[in-house]
Amino acid sequence: MTEFLQQLLNGLSLGAIYALIALGYTMVYGVLRFINFAHSDVFMVGAFIGYFVGEHLPHGTVLGGLVVLAAAMAGCSVLGMLIERLVYRPLRGGPTLNVLITAIGMSLFLEYTGQLFFGATPRAFPSVFPTKVIAVHGLIISMNQVIVIIVATVLMLALQFAVYGTKIGTAMRAVALNPRAAQLVGVNIDVVISFTFGLGSALAGAGGVLYALNYPSIDPLMGVVPGLKAFVAAVLGGVGNIPGAALGALILGMVETFVDGSRWSTYKDAIAFAILIGILLFRPAGLLGRFTAEKV
Amino acid sequence: MPKPLIALLATVLVAFGVSYFSDHIDPYYLDVITGVGINIILAVSLNLVNGYTGQFSLGHAGFMSVGAYLSAAVTLLLGPRLLGDSGGTALQQGLLFLGALVLGGLGAATAGLVVGIPSLRLKGDYLALVTLGFGEIIRVIFQNVDALGGALGLNGIPNYTTVFWVYSFAALTVFTVVCLVRSTYGRGFIATHDDEIASESVGLNTTRYKIVAFVVGAFFAGVAGGLYGHFKLTITPTGFDFTKSIEIVVMVILGGMGNTPGVILAAILLTVLPEVLRAVDQYRMVLYSLLLIVLMLVRPKGLFNYDYTAIAARLIRKFRPEGN
Chain A
1 MTEFLQQLLN GLSLGAIYAL IALGYTMVYG VLRFINFAHS DVFMVGAFIG YFVGEHLPHG
61 TVLGGLVVLA AAMAGCSVLG MLIERLVYRP LRGGPTLNVL ITAIGMSLFL EYTGQLFFGA
121 TPRAFPSVFP TKVIAVHGLI ISMNQVIVII VATVLMLALQ FAVYGTKIGT AMRAVALNPR
181 AAQLVGVNID VVISFTFGLG SALAGAGGVL YALNYPSIDP LMGVVPGLKA FVAAVLGGVG
241 NIPGAALGAL ILGMVETFVD GSRWSTYKDA IAFAILIGIL LFRPAGLLGR FTAEKV
Chain B
1 MPKPLIALLA TVLVAFGVSY FSDHIDPYYL DVITGVGINI ILAVSLNLVN GYTGQFSLGH
61 AGFMSVGAYL SAAVTLLLGP RLLGDSGGTA LQQGLLFLGA LVLGGLGAAT AGLVVGIPSL
121 RLKGDYLALV TLGFGEIIRV IFQNVDALGG ALGLNGIPNY TTVFWVYSFA ALTVFTVVCL
181 VRSTYGRGFI ATHDDEIASE SVGLNTTRYK IVAFVVGAFF AGVAGGLYGH FKLTITPTGF
241 DFTKSIEIVV MVILGGMGNT PGVILAAILL TVLPEVLRAV DQYRMVLYSL LLIVLMLVRP
301 KGLFNYDYTA IAARLIRKFR PEGN
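Order-wise, the sequence lines are chains A and B. The numbers in our numbering rise by one with no breaks, and the one at position 272 of the first sequence is 272. The numbers in our numbering rise by one with no breaks, and the one at position 289 of the second sequence is 289.
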C-alpha cells in the first residue's frame with residue numbers, strides 16, 4: 001500500500017510538470033491550430049535561465065527559488081513572443097505543412113544553438129529551493145515534489161483566472177472559437193496570439209525549472225522527451241481544451257510512473273507513444289474534446 | 001524500350017563499372033560516393049510520401065532501422081551457415097546480400113503497413129507526430145532486444161556494400177518512384193496531395209493511396225538501411241533517431257517536395273556539404289535548422305524546385321545543329 005501511495009505521489013508530481021508544458025501546447029493549438037514544436041525547447045531554455053539565475057542566488061531558500069521561477073517564466077515568455085513575432089506571424093494563413101516545418105526548424109534551432117552556447121554535456125541544476133525529505137509511515141515525500149505540486153496548482157489556478165476572468169482571456173477564447181468572427185467584433189488578433197504565446201511559454205519556463213529540480217541534470221536536448229510526452233498529454237485530454245490538458249498530463253504522469261516501477265521499466269519511453277496512437281485511433285478528439293466534422 | 005528503363009539499366013552498368021575499378025579510387029571518395037547514393041534512396045523514397053502524396057512522415061529513420069537490423073541479422077546469423085567456413089565466392093556473397101537487402105526492405109514495408117493503416121487516417125501535424133512516435137517505439141524496442149545487441153547495437157557486419165549495390169538500388173528507387181507517379185494509377189498520389197476531399201468525391205480511395213506510398217517508401221528506406229549497415233559495419237539504435245529522419249526531411253524540402261531531380265540534387269549537396277564543412281561541423285545542425293526556417297519564409301517550394309524536363313528540352317534545342 002505504501003508503495004502504491006509512493007508511486008501515486010511520484011506520478012502526481014511528474015504529471016504536474018507535464019501539465020504545465022501541455023497547457024502551452026493546447027493554448028497555442030487553440031488559437032492557431034498548429035503544434036508549436038519549439039515549445040519543448042522553450043521549456044529547456046526555462047531550465048537554463050533557472051540554472052544561470054540560481055547560480056548567483058543563495059541556495060535552499062523559498063524566496064530564492066521563487067525568484068528563479070519568476071526569472072525563468074519572464075525570460076521564456078519574452079522568448080515565446082519573440083518566436084511568434086519573427087517566425088510564425090509571417091507564415092500565418094499559409095499552408096499548414098509550411099508552418100509545421102518551420103516549427104520543427106525553430107525547435108532544432110533552439111536545441112543546437114543551445115548546444116553551441118551551453119555545450120552538450122549535462123550540468124547539475126542547483127537546489128534553489130529548500131531540500132528536505134519528510135517520511136510519513138514509510139512514505140517518502142521530498143520537498144521538491146511538494147513544491148512542484150503547489151507551484152503547478154497555483155499556476156493552473158492563475159491560468160484559469162486569466163482565461164475565464166479577464167478581458168484578454170475572453171478575447172483568447174473568442175479567437176479559439178472563430179478567429180474571423182473575433183476580428184469582426186473588434187478583437188486584435190495579433191495581441192491575443194502574442195499573449196497566448198507569452199502565457200504558454202511562461203508556464204513552460206516554470207515547468208523547466210520544476211523539472212530540473214526533480215531531475216537535476218540539464219542539457220540542451222532535455223526538452224525533447226518531456227515535450228513530446230506533454231504533447232501526448234494534451235492530445236489525450238483533447239487538444240485545445242485547457243482542463244483536458246491538465247487531466248491528460250496527470251493520467252500520463254501516473255501511467256508512466258507505474259510502468260517505471262514495474263518490470264517493463266525499460267519500455268517507459270514507449271508507453272506515451274502507445275497511448276498517443278491508441279487515443280488517436282479510438283477517440284481522436286481526446287477525452288474531454290468534442291469531435292468536429294470537417295466542413296468543405 | 002521506354003526511356004526510364006534505359007536510364008535504369010545505364011545507371012546499373014555505370015555503377016558496375018565504377019565498382020569494378022573501385023580499387024583504384026581513393027577510399028575516402030568512395031565513402032562519400034556511397035553515402036550520397038544511400039541518401040538518394042532515402043530522400044527519393046521519402047519524397048513519394050512527403051512530396052507527391054503530401055503526407056508528412058517523420059519516421060523514415062525508423063523504417064531504415066528495421067531494414068538495417070533485419071538485413072544485418074540475415075548476413076550475420078544465416079551467412080556463415082549458408083556460405084560455409086570459406087566465406088563463399090563473390091557471387092554467393094552477392095546473392096546472400098541481395099536476399100538480405102530485399103528481406104530488410106520487405107520487413108520495413110511490413111512495418112510501414114502496420115504503422116500506416118492506423119496513422120494515415122490522421123492529417124498534417126498529427127501524422128507527423130504519430131510517425132515520429134512510431135520511430136521512437138521502434139528504437140526503444142531495438143534497444144531492449146538483447147538478441148540484436150540491445151543498446152550497443154550490432155557489430156561486425158560484413159562489408160558487402162559497394163558502389164554497384166548502392167547505385168543500382170538508387171536507380172531502382174528513382175525508376176520506381178518516377179514510373180509510379182507518372183502512371184495512370186499514380187496520378188492518384190498527386191490528387192491526394194492536391195485536394196483530399198475533392199479526390200474522395202471523384203471516387204479515389206485516398207487512404208489506400210497514402211498507404212501504398214507509405215509502404216513503398218518504407219521498403220526503400222529498409223533497403224537503404226541494409227546498405228547503410230553493411231557500409232558502416234556497426235549499427236546502433238540511436239543512429240536511427242529523430243535527427244536522422246529530420247536530415248532526410250530537409251533533403252526533400254530543400255529539393256522541392258514532389259520534384260525527384262531536385263531531391264536528388266539536394267541529397268547530393270547535403271551529403272557532400274558536411275564533408276567540405278568538416279571544420280565547422282558543430283554548426284551543421286544550426287545551419288540545417290536555419291535553412292528550414294528561412295526556406296519556409298522565403299522560398300517555401302524548395303531551393304532546387306525547377307522543371308528539369310523543360311530545362312533539358314531547352315538545352316537540347318539550343319545545342320542541336322541548325323537545319324535538323
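Careful: at least some of the hints might be erroneous.
Said to hold, decoys possible - Examples of chain A residues lying across from chain B (beta carbon under 10 Å, computed):
(1) Arg33
(2) Arg85
(3) Val87
(4) Leu91
(5) Gly94
(6) Pro95
(7) Leu97
(8) Asn98
(9) Ala103
(10) Tyr112
(11) Phe161
(12) Val232
(13) Met254
(14) Phe258
(15) Tyr267
(16) Ile277
Keep in mind that the hints were calculated from the coordinates and are not lab data. If you're wondering where the values come from, they're calculated on a predicted model, not measured in any experiment. Where a beta carbon is used, it is the ideal one built from N, C-alpha and C, also for glycine.
Here is what the structure says about each hint:
1. Arg33: Since the shortest Cβ distance to chain B is 9 Å, the answer is holds.
2. Arg85: Constraint on Arg85/A not satisfied, violated at 13 Å.
3. Val87: With a minimum Cβ separation of about 6 Å from chain B (threshold 10 Å), the hint on Val87/A holds.
4. Leu91: Result: holds, 7 Å to nearest chain B Cβ.
5. Gly94: 7 Å, holds
6. Pro95: 8 Å, holds
7. Leu97: 6 Å, holds
8. Asn98: Asn98/A check passes; min Cβ-Cβ to chain B is 5 Å, inside 10 Å.
9. Ala103: 9 Å, holds
10. Tyr112: 4 Å, holds
11. Phe161: 29 Å, violated
12. Val232: 8 Å, holds
13. Met254: 20 Å, violated
14. Phe258: With a closest approach of 17 Å, the Phe258/A hint is violated.
15. Tyr267: Holds. Min distance 6 Å.
16. Ile277: Hint holds; Ile277/A Cβ to chain B Cβ min 6 Å, cut 10 Å.
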